[in-house]
Each structure stands twice: as structure tokens, then as C-alpha cells.
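S.K.: Could you build all of it, start to finish, from the sequences and the hints given here?
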Amino acid sequence: MHSDAPEVARQRPGAHHDVVVVGAGPSGSAAAAWCARAGHSVLVIDSAEFPRDKACGDGLTPRAVSELQRLGLSDWLDGRIRHHGLRLAGFGASVEVPWPGPSFPAVSSAIPRTELDDRIRKVAEESGAAMLLGCKCVAAVQDSASRVTEVVLADGRRVGCRTLIVADGARSPLGRVLGRTWHQDTVYGVAARGYLASPRADEPWISSDLELRATTGEVLPGYGWIFPLGNGEVNIGVGALATAKRPADIALRPLIKHYTDLKRESWGFSGPPRAIASALLPMGGA
12 MHSDAPEVAR
22 QRPGAHHDVV
32 VVGAGPSGSA
42 AAAWCARAGH
52 SVLVIDSAEF
62 PRDKACGDGL
72 TPRAVSELQR
82 LGLSDWLDGR
92 IRHHGLRLAG
102 FGASVEVPWP
112 GPSFPAVSSA
122 IPRTELDDRI
132 RKVAEESGAA
142 MLLGCKCVAA
152 VQDSASRVTE
162 VVLADGRRVG
172 CRTLIVADGA
182 RSPLGRVLGR
192 TWHQDTVYGV
202 AARGYLASPR
212 ADEPWISSDL
222 ELRATTGEVL
232 PGYGWIFPLG
242 NGEVNIGVGA
252 LATAKRPADI
262 ALRPLIKHYT
272 DLKRESWGFS
282 GPPRAIASAL
292 LPMGGA
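Per this note's numbering, the sequence shown starts with residue 12, numbered consecutively.
Simulated from the structure, these hints should not be mistaken for laboratory data.
Keep in mind it's a predicted model, so treat the numbers as computed, not measured.
Note that the Cβ used here is the ideal one computed from N, Cα and C, for glycine as well.
Keep in mind that a hint or two might mislead.
To be verified - Just the calculated beta-carbon pair ranges, DEER-fashion: (1) 89 x 147: 35 to 43 angstroms; (2) 292 x 230: 29 to 37 angstroms; (3) 154 x 100: 53 to 61 angstroms.
What the hints assert, rightly or not - Below are the DSS-like pairs computed for lysine-lysine, each with C-alpha atoms no more than 27 angstroms apart in a straight line: (4) 268 x 65; (5) 147 x 65; (6) 274 x 65; (7) 133 x 147; (8) 133 x 65.
M.R.: Below, the structure written as C-alpha cells:
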């Protein structure tokens, strides 16, 4: 399925581009699409082949829905689940909070990252950006004014650029090479997600449990979530906060299985979550 925007001639990777984007995830691909539409020659580099998975809750906020519409993906979104808002629960209470609008759409959605990321990447390609996938960017060459003039690939090739956009994820290997530091002494998160079939997979609310408890009954500094995907499954996950002084000494797989068991009857789950994946979530100025 194509985006609503007209497709233009696609570029081939060359020795020099106006803009080089390292990272073909949603941010990198969206930036590449807009740069290409503005008439710049753009190259997107990513170490992965697409489609590829990412540990994520798969939720798209109203602001994210708005950005996807601006990219020309309104028709594609129309075939996806729509959520009216957030259901919050914990400590004996529950409340449904609709998305407020009107600055953004009054709906959100949820789309697995294997589908979402590749669709946005294709929008960049359809907009004219060249793609170099399965190729890692390992270094950047700077001039005397500290401006990046080239990026260096793992196979030794070099690609010149006037502008470099670093969008290679939370850990950002290239960002670290360029001096980016992760403020690990403030706060970061750990999270795990999986997928389960549920008769409530079309429910128009995303659910967040603010009373996340360990198998011992201890209340953890985090929350559990269930995001209906509209495809017969839900994304279920748990996340917790940590700092360097208070490490997240949490076994995520047992925790997500425990959370699943707590929700099994009310959501009609059978069996354990599939495709469990976990991730570290830098925050606090990362």
C-alpha cells in the first residue's frame, strides 16, 4: 500500500549526499522523507535488514497519529485499530481517560513495529531517499570546524554529506562515537513485551496498571500495560524505573509471565506470551 503522497524517483546510494540519516526507524525515516521531499539528496543507512522487530509497546499516541497523517499515511491508518483513550487502574480504582484533542486527533492506535517501521521506511524511499540496509556506520569524519563531512561504513566505504542526522536508537553507537553521553546517573527504564491472543483484541482503550507487583507482592516503581492491536492479539508488557544508585534488579521474563497470569481470566489469555523481548530505555536527557 502506498502513502497518499506522490511517489518520486528513488535515488541510488552514492559517494556523496546532501543528507545522510543513520537509522531507518520511525524518526530517521520520517526525517529522510521530509528532506527528500524538500529536494535534497538523501541516504538512509541502517545495520538491520527490514522488516525487523523492536521491543516496544507498539502504541501510537494522538501526536504520533498526527505525524503519520502528515507523512501521507491516512489511508493506511484507517485500516488499523483506533483507541479512544487510556484506562488507568491500580490500588482498587479504575478510570477511563479519553484523549483530549483538539490540537491532535482524538484517537490513538497500536501497530507492531515490524509493520510500522518498515512502512515509514518505505515512505522515505517513495519520497526519493536512497537506502543502504544491512550496513553499519561505525565512524564520522569531521573538519576543522567539527562539522561532519563523511561517515565511515563497517566495510571501509565512505559517504560524504553536508548534513548528518543521527537516529540510530536509544543506545546510539554512532552518537557515542560523536561524544553523546547517556545520563545513566539520573534515571532509565527496563521493559519487556510479548503478544497474546485475546477476545478483547478490538477493545478501543489501551490499559495501564499503575500497581505493578513482583511475584513476592512488592510494589515496583513501574507499570504493566495491555494494548489491543485489532488483529486478534494484544501487546502485553511491564516496565520499571531504575537509576545507577537503584539498579533495576528485576527479572523481566518472570515478571511479564506473572502479570499475564494476573490478567489471564479477565482478558481470556491461554498459554504464555509469545515473542517476549526486552529493552533498556535511556531517559533524563539521553
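S.K.: Indicate, hint by hint, whether the structure satisfies it.
M.R.: Results of checking the hints against the structure:
no., hint, in the structure
1, 89 x 147: 35 to 43 angstroms, "holds (36 angstroms)"
2, 292 x 230: 29 to 37 angstroms, "violated (20 angstroms)"
3, 154 x 100: 53 to 61 angstroms, "holds (55 angstroms)"
4, 268 x 65, "holds (19 angstroms)"
5, 147 x 65, "holds (17 angstroms)"
6, 274 x 65, "holds (24 angstroms)"
7, 133 x 147, "holds (19 angstroms)"
8, 133 x 65, "holds (17 angstroms)"
The structure shown violates just one earlier hint, number 2.
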